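Given chain A, work out where chain R should sit, using these hints.
Read top to bottom, the protein sequences are chains A and R.
Heads up: the first sequence runs through residues 31 to 276, numbered per our numbering.
Heads up: the second sequence runs through residues 31 to 276, numbered per our numbering.
Treat the hints loosely; a few may be bogus.
Same chains, same names: a pair is fine if it fits in one copy or spans any two.
[Stated by the list, open to error] Below, a list of computed lysine-lysine pairs in the DSS-like style, where the Cα atoms sit at most 30 Å apart: (1) Lys255 to Lys209; (2) Lys93 to Lys137; (3) Lys276 to Lys137; (4) Lys196 to Lys209; (5) Lys242 to Lys209; (6) Lys158 to Lys276; (7) Lys209 to Lys107; (8) Lys275 to Lys158; (9) Lys275 to Lys62; (10) Lys158 to Lys107; (11) Lys89 to Lys62; (12) Lys242 to Lys276; (13) Lys260 to Lys209; (14) Lys242 to Lys275.
Think of the hints as simulated: they come from the structure by calculation, not from any bench.
Remember, it's a predicted structure, so these values are computed and weren't measured experimentally.
Protein chains: 2
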Amino acid sequence: MSKQNIYDNEVFFNGYQKIRENKVNANILFEKPALFSLLPDLKDKSILDLGCGYGENCKEFIKMGASNVTGIDISVKMLEIAQKENSALNIKYLNIPMEDINNLNKKYDVIVSSLALHYVQDFEGVCKNVYNLLQKNGLFIFSQENPLNTCFTTGERWTRDENGKKLYANISNYSVDGKRCSKWFVEDVIKYHRTFSSIMNTLINSGFTIEKLLEPYPTEEIIQKYPDYKDNMHKPDFLLIKAAKK
Amino acid sequence: MSKQNIYDNEVFFNGYQKIRENKVNANILFEKPALFSLLPDLKDKSILDLGCGYGENCKEFIKMGASNVTGIDISVKMLEIAQKENSALNIKYLNIPMEDINNLNKKYDVIVSSLALHYVQDFEGVCKNVYNLLQKNGLFIFSQENPLNTCFTTGERWTRDENGKKLYANISNYSVDGKRCSKWFVEDVIKYHRTFSSIMNTLINSGFTIEKLLEPYPTEEIIQKYPDYKDNMHKPDFLLIKAAKK
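In isolation and in its complexed conformation, chain A is listed as follows:
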């Protein structure tokens, strides 16, 4: 199956760098706090981060007491920044796609992935490999785009009133799992849509016990501070899952 390395595309990478420079975005407001809320005590734990990107989370895991962190990413450009900005003695960055983690010769207590799994075609393969790489009672904790976001195929994502105000999120082809092309800095960024039930069943069939789900949405406080995020009540951006190898 194809492995997409869009982050090594120059135009995409430059665009992505720009939005990551913003102090306020949906990742910082919703995804990151939700992901970290699912983590167990990391003291002396061995961590694998799938699609680690800039390595910010890897560095954070070390600060939280992890004994060692392996960050893998398909993108050389992302790992260059990780090495420069978020290196540490007990962090190892490896340039391998997450479809190939079966080659890692080590077991982990926690395997984490932040907003990378929706780029992966073979979710089932990844889940099976993650299960094999985990210690008993190990945890798989990941975020991805919410299925209400990835389902979309063509046309407008929102129904708006005459002033352009968002009224409804437009959902189409939710029940059709598979490839979606969208524009994000460049044409044809490929993501893979999977329904809630597909994601759950794939995890369960790989041996996992589902422990918790999150679809973070803006608190009153966030809406007061950043009124634009009120629209996130209509459709959540993210889905986060904590699954255990029992």
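Same frame as chain A, now just chain R:
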């Protein structure tokens, strides 16, 4: 908390009876086959059916070998029909709301519910009671309206083109759990919206292990036969869950 008995409303009941007379509807095409696909071998099993309505499923469970079936419903009118059309020696119909099943003095192997839980405000209470009423390794198998259906608050449910063709399902207030009023035969039929993650977390926190989810959608064969159901690819009508007491 309030317990809704809309099925004993004369206008609602008559309207509901009419659509149930149709040989083809979404329940028959999608919900019923999905629900039955989740059932284990019922031979010699003790079954409780929450919101049993007409009792058609209760009768079916007996045919499948169940040793005894208890069907409960809040509606007297529905149970009158159940008694008339679907009675059997080892089926007992009881007029109690599913919020009060803690009064049942018996343990069950399988607790089933078809399209009733979205009427219940206290889902958490029902889940806890169901857990207590199940034997060890017992199963809780239920269908409900899909959260993409219940989330809706006001306005149009579909964005249509100039010819009235459905383009997108309009999703609003998905992240806001709680009461929704809708019109179905009568004004103010009350349903309770819960996000996917709320439903999952409530089951997990009640002690259940999630075993399988289904969001049935039309097969090619169904679309060929009943082209109107193609729109169901955009937004599933139902969510079905199989959860176990381990």
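Status of the hints after comparison with the structure:
1. Lys255 to Lys209: between (36 Å within a copy, 27 Å between copies)
2. Lys93 to Lys137: within (21 Å within a copy, 50 Å between copies)
3. Lys276 to Lys137: This pair counts as both: shortest intra-copy Cα distance 15 Å, inter-copy 27 Å.
4. Lys196 to Lys209: Classified as both; 26 Å inside a copy, 22 Å across copies.
5. Lys242 to Lys209: Both: 26 Å inside a copy, 24 Å across copies.
6. Lys158 to Lys276: both (14 Å within a copy, 23 Å between copies)
7. Lys209 to Lys107: within (25 Å within a copy, 48 Å between copies)
8. Lys275 to Lys158: For Lys275 and Lys158, the Cα distance is within 30 Å both inside one copy (11 Å) and across copies (25 Å).
9. Lys275 to Lys62: Cα proximity of Lys275 and Lys62: one copy only (23 Å, versus 33 Å across).
10. Lys158 to Lys107: Intra 28 Å, inter 50 Å, cutoff 30 Å: intra-copy only.
11. Lys89 to Lys62: within (14 Å within a copy, 50 Å between copies)
12. Lys242 to Lys276: both (14 Å within a copy, 17 Å between copies)
13. Lys260 to Lys209: Answer is both: 29 Å inside a copy and 20 Å across each meet the 30 Å cutoff.
14. Lys242 to Lys275: Both: 13 Å inside a copy, 17 Å across copies.
Every hint from the earlier list agrees with this structure, and none is contradicted.
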